[in-house]
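Keeping their order, the protein sequence lines are chains E and D. For the first sequence, the working numbering begins at 211 and goes up steadily by one. For the second sequence, the working numbering begins at -10 and goes up steadily by one.
Please note that the accuracy of each hint is not assured.
Pairwise CB distance ranges (calculated) [claimed, not checked]:
(1) K370/E with W(-1)/D: 26 to 36 Å
(2) S416/E with V706/D: 30 to 40 Å
(3) S664/D with K325/E: 33 to 43 Å
(4) K366/D with L283/E: 47 to 57 Å
The calculated lysine-lysine pairs, modelled on BS3-like cross-linking and capped at a C-alpha distance of 30 Å, are [said to hold, decoys possible]:
(5) K318/D with K372/E
(6) K38/D with K322/E
(7) K325/E with K(-4)/D
(8) K370/E with K123/D
(9) K356/D with K345/E
(10) K345/E with K132/D
(11) K6/D with K286/E
(12) K397/D with K104/D
(13) K356/D with K(-4)/D
(14) K621/D with K450/D
(15) K330/E with K132/D
(16) K414/D with K694/D
(17) K397/D with K370/E
(18) K123/D with K143/D
(19) K293/E with K345/E
(20) K302/D with K293/E
(21) K322/E with K104/D
(22) K345/E with K322/E
(23) K322/E with K(-4)/D
(24) K284/E with K346/E
(25) K318/D with K325/E
(26) K104/D with K323/E
(27) K346/E with K233/E
(28) K442/D with K466/D
(29) K397/D with K372/E
(30) K775/D with K4/D
(31) K4/D with K322/E
(32) K346/E with K6/D
(33) K38/D with K302/D
(34) K284/E with K6/D
(35) K38/D with K621/D
(36) K189/D with K82/D
(37) K286/E with K(-4)/D
(38) K286/E with K397/D
(39) K284/E with K82/D
(40) K346/E with K396/E
FYI, nobody ran anything at the bench for these hints, they're computed from the structure. Beta carbons are placed, not taken as given, at the ideal position from N, Cα and C, and that holds for glycine.
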Amino acid sequence: MLLQLEGIFKWVNTGGRRIFLLKDIDLEVEEGEFISIMGPSGSGKSTLLNVIGMLDGFNEGEYNFLNEPVHQLKEKHRANLYKEYIGFVFQAYHLIDDLTVYENIETPLLYKKMKSSERKALVADMLDRFNIVGKKDLFPSQLSGGQQQLVGIARALISKPKLILADEPTGNLNSKQSLEIMELFKQLNEEGVTIIQATHSETNASYGKRIIHLLDGARDDYNK
Amino acid sequence: MFRNYFKIAWRNLLKNKVYSFINIFGLAIGMAVTIMISLWIIDELSFNKFFKNYDQIAQVYQSQTFNGEIGTGQAQPRPLEFLLRQEYGDNFKHLSMSSWNNSMYLQYGDNTLSKRGNFMQEEAIDIFTPKIIKGEANGLKEKNSIMLSESTAKAIFGNEEPIGKVIKVNNQYDMVVTSVYEDLPTNTDLDLLEFIMPWKHYITTQSWIENAADSWGNNSFQMFVQIADNTTMVDVTNKILDSKKKANPNVAEFNPQIFLLPMKDWHLHSNFENGVQVGGRIENVWLFAIIGAFVLFLACINFMNLSTARSEKRAMEVGIRKAIGSNRKQLINQFLSESLLVVLFAFVVAIIIVLLSLNGFNNLASKQIDFPWSNIKFWSLSIVFILFTALVSGSYPALYLSSFRPIKVLKGTFKAGRFAALPRKVLVVTQFTVSIALIIGTLIVMSQIEYSKNRPIGYDKGGLIQIPVMSQEFNGKQDFMRNQFLASGGAIEMSTSSSPTTAIWSNRGGYTWEGKPEDFQEDFAWTEVSAEYVKSLGMKIIEGRDFSREFATDSNAVLVNRTAVEYMGITNPVGKFIRDEAEEDPEPSLQIIGVVEDVITQSPYEPVKQGLYVFDRDGNGNYYNLRLNPNKSVSENLNIIETTFKTHFPNLPFRYEFIDEQYAQKFAAEERVASLARVFTILAILISCLGLFGLASFVAEQRTKEIGVRKVLGATVSNLWMLLSKDFVKLVIIALLIATPLAFYMMSQWIQRFTYRTDISWWIFVAAGIGALIITLITVSFQSIKAALSNPTKSLRTE
């Protein structure tokens, strides 16, 4: 099993009232799955992804990732864990404006303290695979949205993660670009990468092998 | 990894040219100031290190008590030499008596030059080890020998061989050149030694020197020693402390304390107050070190402020980096490398600034500092300095920026909170507190100098020159020369005096008068003058009359100054007598014929000393004082005077000094401090304004939308200008409130050192405050008016 959430609660207190962002979430994810999380705006999709991605904490419950109890780990250990195994793809791509395509893709490897020659080889492979060799010296602002997201995915994949977390990866793209990206995800999944995506779109959700519905922070699969 | 950091840093620099300029230029100024101050301090600390026996050399000092006041000085009596050699000889490796630094005429052929040097004993050569270039290793063995510095030898003999040549000194003595030594470097405190002549010659030149051999009361000589290997300065001092008192009970009432001032203290720790060593130039070293540190700190604050102000722009990058695996340490490293890059650039610019301004700085500080290109120590210190600056300026931004939580940033909900700007405000207040305090300090130093300059000096220093006439050739010719000068039309009056107008060379006690209190240890400034002294200087007689050639009895007359009347405690002084207390062979009593207004001869910051002006019976004054003819130009007068002088003393060089220039010298040290402080203050303000400018532009940018909305709602440009400037003005006012008491306290401490001092007046604080506010408004307004004038439709559309 890749990861397991048990009774996860997350809340914020505003004006004496407790607002639940996540309510009693249970989730088990096996390696090689492709899961789509659906739900209206504010239902907690992003929060759930952030919790899974260890960018955000939670107030109650247990989270095991590759048999490591995330809720008990220290910050540093946790950072190592997600650095090693998790890649992020964002709706707004979140490429670093001041870095070229090549450098954006390379950055995660820098944080893994990889040697320069190895880095070069890996980035070259990735550029090749995504057919963006010709764009490697361009800055993000010189690319279309679809191309930027491609770079974003390449960056997520460069460190060979077991799990890709994609938060509305096609939210800012037109339908043709969306299709390309989703096909890419499918292909990646077939190669063995576990993918969890949050999405509004039924079409995109259908690429997932399993769909989870959220409403007001709680699982809502049973109504569907 | 670091290449990646530097790449980003570099691109960031290029992208934000204004910020980069402010950062680099501001830091560069700060660093340049620090580098220059460091060079200055290094130079100060290097003083006297040239001497091989630096650790063992000392000058013998003496403290004596007069009326409960302890006075300390270098002057020693001759018998002390014999006493120390005989009774305490084990403590010294070498000992040498020395004269004061004298100016002498050295004549060779038709060439006569005035040079400065000392008479010293043979052992002085062992103590100070000058590097002998030519001639004997010790050139003081023969009584009629003279040692010359390299430049003096060159000036006298050109390319001729100097050794063995005969020089006529003061047109009196024939001296043989025995050795030539390398000029001493400028960073030594030993007297300027353009020549050295033997002590054994000196003691035969004048009878009073010869007679001083057994006079314990005649403290008129210097003494230098090199202590023995097996002892310490403190030990030797402890042994010789009471040596003079024990050897001569007659002087016990003055409690003479003999002690060593080690060479390491000569330059920076040579001030004594009531017998206690109280520092000296070291205070300036500290002052400038603190100013340097502050200026650098101000520049670092700019960097911190601008980096954190731009944090919202960098926040996204931080979020992404964290999301793709960066930990906080790596981000901190990244931001530190950015600041390192900026500091590196700034350092290069700073070096350029230093090179360009070193000349001006040297003039300002009267130094001869060269840029230490080949000094490895300087460069390795520079590396430490660069790293330190990068760390100071980069640490806060690095910690702040790396603390962002990624999801917040990435969700786009990140807004620096209301309190995020607080540290920035604190830093701006700090900057302006320092700047305003510096402004106030500088103004007070300047007003103190101005105040002392405007102090009535008791005579008319304009149009007055003095000609030193210390050679025997002048003896007995003063009346003749006076007639010649007056007849020439270049001068309207002339007098002679035993000391220059701007100094006291002789002090005397041993007198009594009617109503003198018991046990009163009197001490008068003693000047021997010719009859027209008061007239030529333009002094004021406030009681009685001036000297007159018509009264033969005036040879035993004395003029006293106003302070002396109070000091002696006599009423109706005119006609009273001042009697010599000596039992055998007393000098004739002096009758007071008049009282003159106090004349500032010593420090313009101190009260005038009680002084006696006695009639010069021998006619051997050391100075001619000439009142120039006001109906002619100064250069005409000088030409005439020189011609007259040369007619009668063709072999002697014509030297003269303007009294007003001599007087201005008294302010040189304080003015140097003031002008350096002024420069540093201006730089500090410049740096603070650069930072303020950057912050203002940032705030204007940040509030673009708000300004647009307000404009649409009907705000005028002046409304908006007020809105944007108000926040900064508030900060400066807070800074003013902090700086005022701080500066007041520190400057009241400083000004205490002057007896004659200005009140710290309120207008200085008002002026500093208004000045700071105006500078702030000008700096901020540029940005705020620009923002206020921008087209609202444009700014609103961008959202």
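Checking one constraint from the list: CA of K286/E to CA of K(-4)/D, max 30 Å. Satisfied? Holds, at roughly 27 Å.
For the range 30 to 40 Å, tell me whether the beta carbons of S416/E and V706/D fit it or not. At 58 Å between Cβs, range violated.
Next pair to validate is K6/D with K286/E; report whether the Cα-Cα distance is within 30 Å. 37 Å, violated
Restraint check for K284/E with K346/E, where alpha carbons must lie at most 30 Å apart: 37 Å, violated
Verify the proposed pairing of K345/E with K132/D, using a straight-line Cα cut of 30 Å. Given that 30 Å is the threshold and the Cα spacing comes to 93 Å, the pair is violated.
With a cut-off of 30 Å on the C-alpha distance, tell me whether K397/D and K104/D pass. 79 Å, violated
Does K323/E lie within 30 Å of K104/D when you go C-alpha to C-alpha? 72 Å, violated
Checking one constraint from the list: CA of K38/D to CA of K322/E, max 30 Å. Satisfied? Answer violated: K38/D to K322/E is near 54 Å, above 30 Å.
Between K366/D and L283/E, does the C-beta distance stay in 47 to 57 Å? 49 Å, holds
Between K302/D and K293/E, does the CA-CA distance stay at or below 30 Å? 24 Å, holds
If you draw a straight line from the CA of K4/D to the CA of K322/E, is it 30 Å or shorter? 28 Å, holds
Hinted pair K356/D and K345/E, Cα distance within 30 Å: 60 Å, violated
Against the hints set out earlier in the document, violations occur for numbers 2, 3, 6, 8, 9, 10, 11, 12, 13, 15, 21, 24, 26, 27, 28, 33, 34, 35 and 39.
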